[in-house]
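First to last, the protein sequences are chains A and B. Heads up: the first sequence at position 21 corresponds to 21 in our numbering, and the numbers run straight through without jumps. Heads up: the second sequence at position 52 corresponds to 1052 in our numbering, and the numbers run straight through without jumps.
Derived from the structure by calculation, the hints contain no laboratory data. Careful, some of the hints might be misleading.
[Stated by the list, open to error] Calculated cross-link-like contacts (lysine-lysine; reagent style BS3-like; alpha-carbon spacing at most 27 Å):
id, chain 1, residue 1, chain 2, residue 2
1, A, K100, A, K54
2, A, K56, A, K71
3, A, K71, B, K1041
4, A, K54, B, K1009
5, A, K71, B, K1040
6, A, K100, A, K56
7, A, K100, A, K71
8, B, K1038, A, K100
9, B, K1038, B, K1019
10, A, K71, A, K54
11, B, K1009, A, K100
12, B, K1022, B, K1040
13, A, K5, B, K1019
14, B, K1041, A, K100
15, B, K1019, B, K1041
16, B, K1053, B, K1019
17, A, K68, A, K100
18, B, K1040, B, K1053
19, A, K5, B, K1040
20, B, K1009, B, K1022
21, A, K5, B, K1041
22, A, K56, A, K68
23, A, K5, A, K100
24, B, K1009, B, K1038
25, B, K1053, A, K100
26, B, K1038, B, K1018
27, B, K1053, B, K1009
28, B, K1009, B, K1040
29, B, K1038, A, K5
30, B, K1041, A, K68
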Amino acid sequence: DQQVKQNSPSLSVQEGRISILNCDYTNSMFDYFLWYKKYPAEGPTFLISISSIKDKNEDGRFTVFLNKSAKHLSLHIVPSQPGDSAVYFCAASNIQGAQKLVFGQGTRLTINP
Amino acid sequence: DTEVTQTPKHLVMGMTNKKSLKCEQHMGHRAMYWYKQKAKKPPELMFVYSYEKLSINESVPSRFSPECPNSSLLNLHLHALQPEDSALYLCASSQGAGYTEAFFGQGTRLTVV
Chain A
1 DQQVKQNSPS LSVQEGRISI LNCDYTNSMF DYFLWYKKYP AEGPTFLISI SSIKDKNEDG
61 RFTVFLNKSA KHLSLHIVPS QPGDSAVYFC AASNIQGAQK LVFGQGTRLT INP
Chain B
1001 DTEVTQTPKH LVMGMTNKKS LKCEQHMGHR AMYWYKQKAK KPPELMFVYS YEKLSINESV
1061 PSRFSPECPN SSLLNLHLHA LQPEDSALYL CASSQGAGYT EAFFGQGTRL TVV
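Produce the complete structure using the sequences and hints provided.
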């Protein structure tokens, strides 16, 4: 049972435009969500997080939106840059198992010049 | 210092060998983790140490044996592995329990022959 789903395995965006990566979850106990970025042969790098008491969190070019009723979150990157090309993982946890992150399958983002 | 350092980067071992993976962080984090990532799959949690005590074991086979000698070090001892155990093994750390983001190392690429 996949509790965190990223239904788009890949996404291609032109440089300078907005990249939108989506993530859905099924476990209503999840109340903390994170986005990680991963380059080949490297470990995941933390990007941004959001608690369920918020619906938006912004950090520079990255914004995460949370829609609890739809059990959906999204990561917006604007403007997209070539260095943003990587695999992006959505992850979730809950207060009872706060140390346990459940990851989605990942979305490979390619930024085209 | 915001790094999690893993050694070795690559390891090839036979099914009868005994080897160890090492992980080190100097961020004062009190939670450390082992994740396993197969190709084109998300990272999957194996073990969590919190304040140097094993707090989560995700039903990992006993051929994987974790050890936390002190708050900065985490080892994963490997014995009698199978070829299907070949994967990227990721170490991570976080400040502690609660909604804190985990910082990942670069991983050890393990091949069992």
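Hints, one by one, checked against the model:
1. A:K100 <-> A:K54: 21 Å, holds
2. A:K56 <-> A:K71: 14 Å, holds
3. A:K71 <-> B:K1041: Roughly 22 Å separates the two Cα atoms, so the pair holds.
4. A:K54 <-> B:K1009: 39 Å, violated
5. A:K71 <-> B:K1040: Between K71 of chain A and K1040 of chain B the Cα gap is close to 24 Å, so the pair holds against 27 Å.
6. A:K100 <-> A:K56: 23 Å, holds
7. A:K100 <-> A:K71: OK: K100 of chain A and K71 of chain A at ~19 Å, within 27 Å.
8. B:K1038 <-> A:K100: 18 Å, holds
9. B:K1038 <-> B:K1019: 19 Å, holds
10. A:K71 <-> A:K54: The given pair, whose Cα atoms are some 13 Å apart, holds under the 27 Å limit.
11. B:K1009 <-> A:K100: With a Cα-Cα distance of about 24 Å, the restraint between K1009 of chain B and K100 of chain A holds, given a limit of 27 Å.
12. B:K1022 <-> B:K1040: Status holds; Cα separation ~24 Å.
13. A:K5 <-> B:K1019: Cα-Cα ~35 Å, so violated.
14. B:K1041 <-> A:K100: This hinted pair holds, its Cα atoms lying about 17 Å apart.
15. B:K1019 <-> B:K1041: Given pair K1019 of chain B, K1041 of chain B holds - Cα atoms ~24 Å apart, limit 27 Å.
16. B:K1053 <-> B:K1019: Holds: K1053 of chain B and K1019 of chain B sit about 22 Å apart, inside 27 Å.
17. A:K68 <-> A:K100: 20 Å, holds
18. B:K1040 <-> B:K1053: It is violated: about 31 Å lies between the C-alpha atoms, which goes past 27 Å.
19. A:K5 <-> B:K1040: Within the cut-off at roughly 14 Å; holds.
20. B:K1009 <-> B:K1022: 10 Å, holds
21. A:K5 <-> B:K1041: 12 Å, holds
22. A:K56 <-> A:K68: 11 Å, holds
23. A:K5 <-> A:K100: Holds. K5 of chain A to K100 of chain A sits at ~16 Å (cutoff 27 Å).
24. B:K1009 <-> B:K1038: 16 Å, holds
25. B:K1053 <-> A:K100: 15 Å, holds
26. B:K1038 <-> B:K1018: 21 Å, holds
27. B:K1053 <-> B:K1009: Satisfied, since the Cα-Cα distance of roughly 26 Å is no more than 27 Å.
28. B:K1009 <-> B:K1040: 19 Å, holds
29. B:K1038 <-> A:K5: 17 Å, holds
30. B:K1041 <-> A:K68: Roughly 26 Å separates the two Cα atoms, so the pair holds.
Of the numbered hints stated above, those contradicted by the structure are hints 4, 13 and 18, listed in ascending order.
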